[in-house]
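Colleague: From first to last, the protein sequence lines are chains A and B. If you're matching positions, the first sequence starts at 867 in my numbering and goes up one per residue. If you're matching positions, the second sequence starts at 274 in my numbering and goes up one per residue.
Calculated directly from the structure, the hints in this document are not laboratory data. Treat the hints loosely; a few may be bogus.
Said to hold, decoys possible - Dumping the calculated PhoX-like pairs for lysine-lysine here, alpha-carbon to alpha-carbon at most 25 angstroms: (1) LYS1131/A / LYS279/B; (2) LYS1147/A / LYS594/B; (3) LYS875/A / LYS621/B; (4) LYS561/B / LYS584/B; (5) LYS1121/A / LYS612/B; (6) LYS1121/A / LYS587/B; (7) LYS1185/A / LYS587/B; (8) LYS1121/A / LYS594/B; (9) LYS1028/A / LYS1135/A; (10) LYS1097/A / LYS1131/A; (11) LYS513/B / LYS613/B; (12) LYS1131/A / LYS601/B; (13) LYS587/B / LYS601/B; (14) LYS1009/A / LYS584/B; (15) LYS1121/A / LYS628/B; (16) LYS875/A / LYS618/B; (17) LYS618/B / LYS1114/A; (18) LYS519/B / LYS595/B.
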Amino acid sequence: MVSEIWTEKYRPSKFNELVGQDNIIKRVEALTASMNIPHLLFAGPAGTGKSTLALIVVKELFKNNWRDNYLELNASDERGINVVREKVKNFARTKALGNVPFKVIFLDEADALTPEAQQALRRTMENYSATCRFVLSCNYSSKIIDPIQSRCAMFRFKLLEKKDIERIIRRISETENLTIPLESIEILYEGSEGDCRRCINILQSTASVSPSITPELISTIISSAKPKDIKVVLDYAIAGDFQRAREKLLDVMLKESISGQDVIKAVQKEIWNLPIEPEIKVKLTEKTGEAEFRIVEGSDPFIQLQALLASFVLAGLGK
Amino acid sequence: MTWTEKYRPKKFEDIKGQDLAVDKIKSFAKYFGTGKKALILHGPPGTGKTTLAFVIAHETNSEIFELNASDIRNKIKLHDVLRPVMEQQSLSKKGKIILVDEVDGISGYYDKGGVQELVRLIELTSYPVIITANDVWHKKLSPLRKKSELVQLKEVSYNIIKDVMINILRKEGQFIDQSTLTRVAIKAKGDIRAAVNDLQTLSQMGEPSLAVLEERDKETDIFNALRIIFKGKPTNETLKVFDSVKMSIDEILLWMEENIPAEYQGEELARAYDLLSKADVFKGRIYKQQYWRFLVYENIFLSYGISSAKKTPKTGFTSYKKPTRILKIWLNNQRTAKKKSISQKYAKYVHVGTKRAMHDFPIIKQIINSNLSIQKELKLTDEEIEYVRN
């Protein structure tokens, strides 16, 4: 059955259908053809084809048996390394079906694992190396510990370029009978920031309203998915009403379940629209950067954001 | 015999300063069989919880069967010991009262299943069960709360404590001057047992001097700690302010977070939150590196640090609030449970992480909503489809 979800429907299923990662494709295709792959590490931004390539590899290796020989785990969803280990163990215990001597485990977003969990994963990779190959994906390879990196063949995916995105959009539009002017493609590309999955999702979401994909319609769809109320939060803070600012902040974060990192992104952009001195804008940007750094490092986002809001209160006083 | 035992009240009229509680327990005994079968007496130490249980037994001419913290109270033990007591007739045809003393001392670990078993036994019992606890609001006691009437005993006022002490001295034929008595009474902070113990110590020393009585390490409650930090000047004592607060540092951090804006404005506010955020950074480092010495820094920033954020001490009364963030998050999670379950199904189906699906939910929702066959593909439940529609 063909999926109605376009990211699935138009997901490439052969090497030559993949767009934008030509160098990687050639090398991975060659490895796959030898019927013996090493552990693989796919590093790169979201929506550039990492999961797709992993799927193509297993389909090529196992043909119709691929579902029996393939396990997909998402490290940011599986709560601990123990879950991963348990699932890996159960999966690896039985022999691979068909004529390939190993099974494949795809561990998506492996950089979400703590360094300790990665140490444990490294042992797991060793213990099951006879029966399993691991394909890891991550956004930042620097977040993968060296011992794992050294056990894998690494491939760096790059952001899709405008021409790649355009090719994909054109192909979908033809099949789905959409009318789409060039400006719309421009806006789709900018709105998706080189993330192909996001781009296709925005396209399908827009097409569900009307088959005529106008730039205005796309903009509406994109902005409906953005945190709107951050400006309100900052306005309260600049006006000196800290209590309401933080109430609103918690409200926004919870009701629209926006992560601390997304809030910070919006705050950083919003600074430039505030009625404050240039010097203070720079100071606030520095504070924002520090807060973002801390959140990425694992601090409590709400506490860091509150501290940041308190400096916006000061900025409102001209300090 | 210690004075606390010797002068422990035997009758209702001997109990001072707890009139409301006395009335409640009387009517509980009188109407037993019509309402809840257990009663929890709760309140600070030394306010008369255990005493009250013994008095009600005495006044109703009942035997008392007591189980306290020194007994092991796990599931099997409770079952084996209490079950026969609850079912069998008292030998002397007297009534019977079952006293489970200091129930907050039931350990979640060593007394596994203890609280649950107690709840089950309450359902079975044909005799009144009286339970005492300091902190009835502890979450492990929540199933017990539902099965029981709650009676609160308050800290006893120092006047009443003083009267009690004078009464005892009279019976003992001893004399201690008024001002010393007043100080002992105040120092006891509502704990009659502590006061009577101090009194006995003093009377045995010939020349009574309060100096010999060490201040008890009484639990400073979090409100007190907040007051010390926010109102007072930072001193080396401020560093120790959390030592006697019976809360985890994580919980304390939430209390600080909630209450900073109640006290500080402008620059003070920014400085205080800056320090809070640094405490939080160290908290993160502790978890990440499992290096517990960082706790020192977290503690210093939270106490002395936030206290130092102001230029001059604060006056006046501030009403501090309980942290609400965790509750709000929980409530919200209840509300967004559907969103999460839909995201999970979607994520699994299209090979992404649930977090990313949640992040893009507005767009994904629009796609799902517009297409019935996608809803079928994802095997959404009726409730989930309903959620997508709205």
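Colleague: Quick one, are LYS875/A and LYS621/B close enough, alpha carbons at most 25 angstroms?
Modeller: holds, 15 angstroms
Colleague: Is the Cα-Cα distance between LYS1121/A and LYS594/B 25 angstroms or less?
Modeller: holds, 23 angstroms
Colleague: With the threshold set at 25 angstroms, check whether the alpha-carbon distance from LYS587/B to LYS601/B stays at or below it.
Modeller: The given pair, whose Cα atoms are some 30 angstroms apart, is violated under the 25 angstroms limit.
Colleague: Please work out if LYS1121/A and LYS628/B have their alpha carbons no farther apart than 25 angstroms.
Modeller: Measuring from Cα to Cα gives roughly 15 angstroms; hence the hint holds.
Colleague: Measure nothing beyond the straight line between the CA atoms of LYS1147/A and LYS594/B; if it is 25 angstroms or shorter, mark the hint as holding.
Modeller: Since the Cα atoms of LYS1147/A and LYS594/B sit roughly 33 angstroms apart, the hinted pair is violated (cutoff 25 angstroms).
Colleague: Would the pair LYS519/B and LYS595/B pass a check requiring their Cα atoms to be no farther apart than 25 angstroms?
Modeller: holds, 15 angstroms
Colleague: Does LYS1135/A sit within 25 angstroms of LYS1028/A, going by the straight-line distance between their CA atoms?
Modeller: Judged against 25 angstroms, a Cα distance of about 24 angstroms means the pair holds.
Colleague: With the threshold set at 25 angstroms, check whether the alpha-carbon distance from LYS1185/A to LYS587/B stays at or below it.
Modeller: holds, 23 angstroms
Colleague: Can the restraint linking LYS618/B and LYS1114/A be considered satisfied, given a maximum Cα separation of 25 angstroms?
Modeller: Violated, at about 30 angstroms.
Colleague: Going straight from one Cα to the other, do LYS561/B and LYS584/B come out at no more than 25 angstroms?
Modeller: This hinted pair is violated, its Cα atoms lying about 35 angstroms apart.
Colleague: Taken at face value, is the distance from the CA of LYS279/B to the CA of LYS1131/A at most 25 angstroms?
Modeller: violated, 70 angstroms
Colleague: Would the hint linking LYS1121/A and LYS587/B be met if the CA-CA limit is 25 angstroms?
Modeller: violated, 36 angstroms
In the structure shown, a violation is registered for the earlier hints numbered 1, 2, 4, 6, 11, 13, 14 and 17, in ascending order.
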